[in-house]
Structure formats: C-alpha cells, structure tokens
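Chemist: Here is what each chain is made of, one letter per residue.
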Amino acid sequence: MDPKKVIICRCEDITLEDVRNAIKEGYTSWDQLKRVLRIGMGPCGGKTCRILVLRELAQHLNVPVDEVKTRPTVVRPPLRATPLKVFAKEGK
Amino acid sequence: MSTYDIIIVGGGITGVATAYELAKKKAGRILLLEKEFVSAGSTGSCAAGIRAQFGTEFNIGLMKRSLDKFEHLARELDYPEDKIELWQGGYLVLAYSEKEWENLKSRVEVQHRLGIMTEILTVEEIIARFPQLNLDGVYGGTFHQRDGHADPLHTTFAYARAARRLGVEIREWTRVEGLVQEKGKIRGVKVNGELIEGEKVLVACGAWSSHLMKTVGVEIPLWGEKHEILITEPLERAFAPMVISFSIGYYIQQRPHGSFIMGIGPENPAHWHDPRDFDFSPTWRFLERMSQAATSVLPMLKSVNIVRQWAGLYEMTPDAHHILGPIDEVPGLYIAAGGSGHGFMFGPVVGELMAEWILGETLSYDITRLNYQRFQKGELVREPAVVG
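First to last, the protein sequences are chains A and B. Residue numbers for the first sequence, in our numbering: 1 to 92. Residue numbers for the second sequence, in our numbering: 1 to 388.
Just so you know, these hints were derived from the structure itself, not from any lab. Please note: incorrect hints may appear among the correct ones.
Selected chain A positions facing chain B (Cβ under 8 Å, derived; list incomplete) [what the hints assert, rightly or not]:
no., residue
1, V36
2, R71
3, V75
4, R76
5, P78
6, K85
7, F87
All residues carry an ideal CB built from backbone N, CA and C; glycine is no exception.
Whole structure, please, built from the sequences with the hints as guidance.
Modeler: Structure representation (structure tokens):
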C-alpha cells in the first residue's frame, strides 16, 4: 500500500505519508499531530482518524496504543457539525 | 558554572520567540522546558488575530514592529509560508455608539502619526466595501489593511524549529515544579524533584507564571481568565477582514484555511490564580451568545456549520498589559507573561526585546514601563482598545 495514497484524514486530506513525515519531524503525540496537520480539526472531530493515528504512533514509538501520550481529555463540542442559526435561535 | 546559561519555562509564543532570539545572539546554552508540548497552552488556544489598531502610542509602536516581523517571519525562520498563514485582510473595528465612534476616530490620529495608516469609514463606505455586513446600530468603523491573521500553532512551531536549529534544547512533557534560589540569586529550576542549574531563568508560562513565581516568594498580580472560541467548517473565501467590536466584545474572521474563527468576551469571568482552578470546559451559554452576535453582524453565517468550540486562558494583569523584565528580589530571574489576550500578536516583538533585556543590551524599544513593580507604584499602563 502506497502511503501517499492512503487517506488518514478525510476532512483535511491528510495521507499516511503526511502523518509519517510529521512523526519523523518530532511531532510524536496525537495532540501535536493535530496541531501540525489539522487532523481531527475537521467536521468529523477526529472520529475517523484518531484511532488510525494513535496506532501509527504506537508503532513508531514501539509502545501499546494506551501508552501514547495524550492530554487529559478535553471535550470539544459539538458532537456533530451544527449550523450557527440553531444556537442563535436557542438563545432567544 | 551552571549547566545552562538560560532556562526558559514555557513553550508558548513568548518562550519560543525569546529562545530563538537569544540563540540568534549566541547567548550560550539555552534550555526550554514545556509541561506539555510547544503551543499547548494559551498560544495554541488563541484566536490567531494580529493588529496594530491599538489606542496608545506605546502599543501601536510595539505592534507595528510585531507586524513588520510577522511579514518576514516565514523567511526569517525558514518555514513554509503557506503554513504560517499570514493573511492581511485587515481589522474592521465597528463603533456601536456616538462616543465609541469619537474614540475610535481619535485613536486613528495617533496611529497615523506612527505610520499605521488606518482608514476611517462611514457606515455607507463600510457597506460599499463589505456588503456582507449587517450594520444595525453601527455609527462607523476603522480599518487597517496590515492587520489580520497568522496561524498561532505553526508560528510557534516555526520558532521552536528555528531555535532548535540554532542549538536550543527543547524538552516537552517536562513540568517545572518550582524555581530554585540560593544566596539571594536564581540557581535553576526543579524538575522531577531534581535541580537543573541555570545562570538565568525566564518564566514565560502564561497564566501559570504567578504560581511558579510564588515558589521563590515573588508575588506577581497575574491570573487566568476563561475565554471561549468556536470555529466553523471551511468555506471558499467570502469575507476578508477580522470584524470586531470592543464594546460588544465579539470578533469574527475567516482564516486562509476557509473556516470562520470567532469569540466573544465572557460575562463576569472568574479570576483564577491557582492552576488547579483552571477550567477549560466549553459552555452552552457561549454558543448562544456567539451565534446570536455572529449571525446578526454576518447573516451569511446562519447556515454555516460549527465544527468545534474550545476554551483557553487570557493571562490577565491589573492593567491588561504584559509583565516583562527582571525580578529585583531574585537576581537572574526574569518574567515575560500576562499578554491579557494579546500574547500571540505581541510574541515576535516581545521575544526580540526580552532577548535584549536578558543579555543586558540597550532595549531597541523601551518596554521598561511593563516592569512588575508598576502595580505597587500605581504606574499602570492603560489601553482603551481591548476586547472583554
């Protein structure tokens, strides 16, 4: 499988090669990769890419997935992309 | 002899920019310590705005220098231009009362004197240039083209990478537990219960700074304040400037990436001095207030999807200005924190000037009034053009 052709993040068009290059540059946690590649910042909120990236990191660091460093969970709503007018109406 | 000439605590824009400028001046062995990762704190949560439209000569002059630096940053730091995402679509400041309108206009005179060529726009002129806006209740506005946007994450990474290239050692996921002094001067910092020695120590860890300063008995009036932001899905470029109101407290900007980023100042925010109190949880109330303000001033946003909301800390001081410079009680100890919502935009210039200060050079822009003793002396620095 050509890592250039494997899409890890569909929201931001990030390939497996992009992820591997960033890891090589020293961005070795989910939170850093998110900030440098925008993975997890799109409409899916990381629901597609997060586990794929964590697995890639675990392989690179040679540790189990649950030992890959992440920040204490910060919830970033909304769960699903929602138009502004919905909340504007709620507030009235 | 100490292991390091200079230890910097904090991997936000202030810390990495100072580290880079110090290394550029060949300041010796430099270590930067960050409890999570570079950009993880207030810098990485910020709204990405940069502007020189301030109200005092002092701030306009400083931000003019900072804009100069932002405009050359990609080349200076040898970092891809498309990642820094410098966008100078201007800041459009709207006035919602006669008095606010008069104040905005009077600031433009000061800005012009310093070479910041802000335009004064009537309501008709604003509509002609930015027809997307709903100007109900607006008296007029001011617009400065060189203001705009830079990506806070990549800007910080760019500084960190350039600093590393020049020999700065950056340790992430490394929490500084306390400062260590000996015989009345700084000795270093404590990490994992062990001393790391440094001739000089710079505390640049935002809202966490006052807590750290207490470990050597220094009281700094600086606290964290929760501010919330949201971001939408990306759209084709539809609106160029950052539109902002100081009186209502909102700001909205479309990023080069396409998404709209926006915030609105909090209602009666708590003052957090102890990091254990810091709360980053998002609120429903913010979503409502923000959506109402945004859809009112930019009706085109009504059907645009919000994809994420988050909270970050303004690192506030009593006069909403940085606290910069040496700490007299502990020779060798310095602080650079308290950007009060403007830490990112001032970052490049603060980094440059802090490097001069730490190395005992003549300051190329006099920032000595931002010393920590100003609060005891009652010499506060006032700035009228701020949000929240």
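Chemist: Evaluate each hint against the coordinates.
Modeler: Against the structure, the hints come out as follows:
1. V36: 6 Å, holds
2. R71: 6 Å, holds
3. V75: 7 Å, holds
4. R76: 5 Å, holds
5. P78: 6 Å, holds
6. K85: Cβ of K85/A sits 4 Å from chain B, so the hint holds.
7. F87: This hint holds: F87/A lies near chain B, its Cβ roughly 4 Å from the closest one there, short of 8 Å.
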